[in-house]
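Undergrad: Sequence:
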Amino acid sequence: MTNQGEKYDLIAAGFVNMRDSFFTEQKYVDLFTQYLKPHSHILDVGCGSGYPIASYLNVWKS
242 MTNQGEKYDL
252 IAAGFVNMRD
262 SFFTEQKYVD
272 LFTQYLKPHS
282 HILDVGCGSG
292 YPIASYLNVW
302 KS
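When we follow my numbering, the leftmost residue of the sequence shown carries the number 242, and every step to the right adds one.
Hint data in this document are derived by calculation from the structure and do not stem from the laboratory.
Treat each hint with caution, since some may be false.
Computed Cβ-Cβ distance ranges for the label pairs, DEER-style [said to hold, decoys possible]: (1) ALA295 with GLN275: 30 to 38 Å; (2) LEU298 with MET259: 15 to 23 Å; (3) ASP271 with GLY246: 21 to 29 Å; (4) GLU247 with LEU298: 29 to 37 Å.
Being a predicted model, the structure only gives us computed values, none of them experimental.
The beta-carbon is built from N, C-alpha and C at its ideal position, and this holds for glycine as well.
Sequences and hints are given; from them, build the entire structure.
TA: Right under this line is the structure:
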């Protein structure tokens, strides 16, 4: 049996590059953020790198 994590690592860079080129969820994020109070916390538990949502919300910190 192969290590599934290693397989995902092999395609990770390509996935991030492809995924950053479009943002299909933007209309849903715009709707969602209208209901957030100032200084709210958001936990993104979706699949993927998390970069598109974090960069759109301007919260990604190194």
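Undergrad: Name the hints, by number, that the structure is in violation of.
TA: 1, 3
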